[in-house]
Amino acid sequence: MAYVAVKGGERAIINSHRLIAEERRGNPDLAELTISQISEQLGLSVDRVMNEGSIYDRDLAALALKQAQGDAVEAIFLLRAYRTTLPRIAVSKPIDTTRMTVRRRISATFKDIPGGQVLGPTYDYTHRLLDFALAAECGIGKPEAELADEPLDSVIPRVIDLFDGEGLIEADISENDEEVFDLTREPMSLPAGRDQRLQNLARGDEGFVLGLAYSTARGYGGAHPFVGELRLGEVIIEIVPEDLGFPIEIAEVTITECQMINQFRGTAEQPPQFTRGYGLTFGHCERKAMSMALVDRALRARELGEDVRYPAQDEGFVLPHTDSVEANGFVTHFKLPHYVDFQAELQLVRQLREQREADQAKEAAE
Amino acid sequence: MSAVRKLQQRPVLLEVSGVSKSYGGQVGCLDVSFSIRPGEVLGIVGESGSGKSTLLACLSGRLQPDTGSIIYDMKDRGPVDMLLLSEPERRRLARTDWGIVHQNPRDGLRMDVSAGGNVGERPMAIGARHYGNIRAEAQDWLQKVEIDLTRTDDKPRTFSGGMQQRLQIARNLVTKPRLVFMDEPTGGLDVSVQARLLDLLRGLVRELGIAAIIVTHDLAVVRLLADRLMVMQRGRVIEEGLTDQVLDDPHHPYTQLLVSSILQV
Amino acid sequence: MSGPGNKQCDTGDGYSFAYLDEQTKRMIRRTLLKALSIPGYQVPFGGREMPLAYGWGTGGIQVTASIIGPDDRLKVIDQGADDTTNAVSIRRFFEIVSNVATTEQTAEATIIQTRHRIPEAPLQEGQILVYQVPQPDPLHKIDPRENETRKMHAYAEYGAMQVTLYEDIARFGRIARTYDYPAMVNARHLMSPSPIPKFDNPKMENNPAIQLFGAGREKRIYAVPPYTSVRSLDFDDHPFEVQTWKGCCALCSSTVSYLDEVVTDDRGGRMFVCSDTDYCNKRQADRALTTETGGIVAPDEGAKL
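So the protein sequences, as listed, match chains W, G and V.
For the first sequence, position 337 (counting from the first letter as 1) is numbered 337 according to UniProt numbering, and the numbering increases by one without interruption.
For the second sequence, position 176 (counting from the first letter as 1) is numbered 176 according to UniProt numbering, and the numbering increases by one without interruption.
For the third sequence, position 14 (counting from the first letter as 1) is numbered 14 according to UniProt numbering, and the numbering increases by one without interruption.
One or more of the hints may lead you astray.
[To be verified] Here are some, though not all, of the chain V residues that point toward chain G, as calculated from beta-carbon distances under 7 Å:
#  : residue
1  : TYR155
2  : GLY159
3  : GLN162
4  : GLU167
5  : ILE169
6  : ALA170
7  : PHE235
8  : ASP236
9  : ASP237
10 : HIS238
11 : TRP245
Since the hints were derived computationally from the structure, they do not count as laboratory data.
Idealized CB from N, CA, C, for every residue including glycine.
With the rest of the complex left out, here is chain W:
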């Protein structure tokens, strides 16, 4: 008997782990990357991994990126699998973004706004020319930006709140004490509330959410968006421990917030009014925050009495497909052996072909 069943899956797996470790290290003559180097110098990559991994920890995100050889989706997966084992100690108070220490803040709706337009750090107006100075052996030294003459206001009102007085924009959803849905502890259930929708989009794959957002502005969703405000900076996280009964600060985190203003024609009961779309991310993730705000608004179609005609408006399509960990797992699982199902299909196709040949032979004989 020439055939021996394939064995040794266990050894293969161990060897595969060794190989990937070797590849990850690359040329051992070069210095090994440190976690702080990744965290400091690949900051936007770390931000994305923290955001979609839904855990605010720069070191862990940097470690995940190092372990994943810079593959963001794999790093997000690592972080998520770690996060799921962590206990829930407390639920924070809602953050107040008017009290953000603003580093960047722009509005596309008014030329000047209370608190001012603050360009801050952005690639927006860089010319996308490869900077060979960054490739030079001696590096770029210590670039430094100039300080402004005077500090920004400590409280900067949200542009979108300026409309509120006139009723030109729908009212913000009031804060209430209802328990917020936790997508990481409960299965998603449709139709999704705002909490489920926003959590899902915040954790959603940046590329997928960006593509959906793009589609809404290209006729597949009828979006006419204005960036009411985009702001980046640090906010304080507070919790109220039960035995204390008053809030204490536990952390300062960087977030990006986007308030998108959208058109709405009004109904019999309601005069015409602008509507909101909301995006919020950990770290500096403007592309994601804007995309999220657009898709959030598109998904409100049914709530606002609009026809649900396009993919980005259909929560049954969008929400189950945003998650990169789920999507990646399922798409790549087709690599797993399917010998048994394939054999079943193969057998059927052979049977059907035999039957067809037999039928044809019979016909020919007649």
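Mind docking chains G and V on chain W? Use the hints.
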């Protein structure tokens, strides 16, 4: 008229009282009442926006009216208010003792299932499990609606508009429903195709003794099919009676306008 | 890996027994009880993110992790085999995080986690079979809208499913489903048996073991309690039938087990061997023994049709 008189002696099949439905401030239909007996065909006419489609959606359980009652004489339970019926019971009724023929066959057919499968779905849904019998019954109905049996295994997307509509009718009638709702059944079809479909419908309705409620803006359709007629305007029923009476001697100015605007054929 | 900033536990030491925290296990056990009370009904549960990719058995792993105890003996198979890479990987995971005994022998296992097969040897009372499920809802392909399929299950409206079988016969002359063949559980709920070949469907019927199904990505759990009716859909005049092969297993000569096709060369050479490696090995060993002692080759056993 003697046929109609005979019908009126039978017990009421569907009794509708005071049905209203509004959308926000807009009236869909207002305080509509009527009854229909087994085997009777009722036409509801009016222009777009007159509330006839809203009324049909309320009657067939696709829309919840704001007020009113809809009593149907169920086969096994006698008269029951449809608005108090549970959802599974309503869905079951809708695919056994009722039929719904949509204006657009796409709304009433499974476009990726063969003609035979489309007709066979209702029997299978209520427990038919013999392939040969299901297929034979489906083919029997395809013949009744004049679809060539060589098309049994073809999908409806390869059919013409008239064929799709006939298939939709067969799919509904296979369980021998006692009441069929039709929403502009000849809408969107060529005139010659319309005539053939109307002939077919008239034959089937008479032969099977089916009661039907037909909503249309086409007076020729009701002239041919309906025993009785209701005319709707702005959500209300403004005139009703035997079809020939209403069409030949309309009383309400709006009905007069409607009748005179149609070329006499 | 070590170094400053490395906070991640790189061994099982930092994790709970069987990885999941006790609260999560309790939640999943409650879900399992509900699933066993309503055979075939898909119960939503708060599925956790696992250190294994979705689609690679996260549902099965969560179920196994919630029911496994230190005294259990675990068997993991993929495609019927204990030595396929994903089976090895999942077995290693439980060895690391729970330190339980493992086995390749069906009869010895208290818990068997499987992907795509049911073992050939009959299961016994007290054993638990845990299936990995990619798509728990058999109606999903008929209507992707979950709101609608939930109603169809709730009202037992399964006509549209029967239509798909009708279509097969109309088109191919036979029901053309070969795996993930839908079955009616306890004459009430339509269930996906997971992508096992239809060959295995009859084994689910009236089985003494507990059968648990976990779909991690879709966050659903369902179950078939012991001795429950599981009927594969069919027509009176086209009854359900399972795969058969013309030959026998090239290694153990079984004529009643599910066979894998193995391509042996590039000139069309192929052979058929048991997909259940434990069953096949055991028969080969028995045969070697009986040949040595001059006895008779053991007849096929176990695989009942």
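Tested hints:
no. : hint   : in the structure
1   : TYR155 : holds, 4 Å
2   : GLY159 : holds, 3 Å
3   : GLN162 : holds, 4 Å
4   : GLU167 : holds, 5 Å
5   : ILE169 : holds, 6 Å
6   : ALA170 : holds, 5 Å
7   : PHE235 : holds, 4 Å
8   : ASP236 : holds, 4 Å
9   : ASP237 : holds, 5 Å
10  : HIS238 : holds, 5 Å
11  : TRP245 : violated, 26 Å
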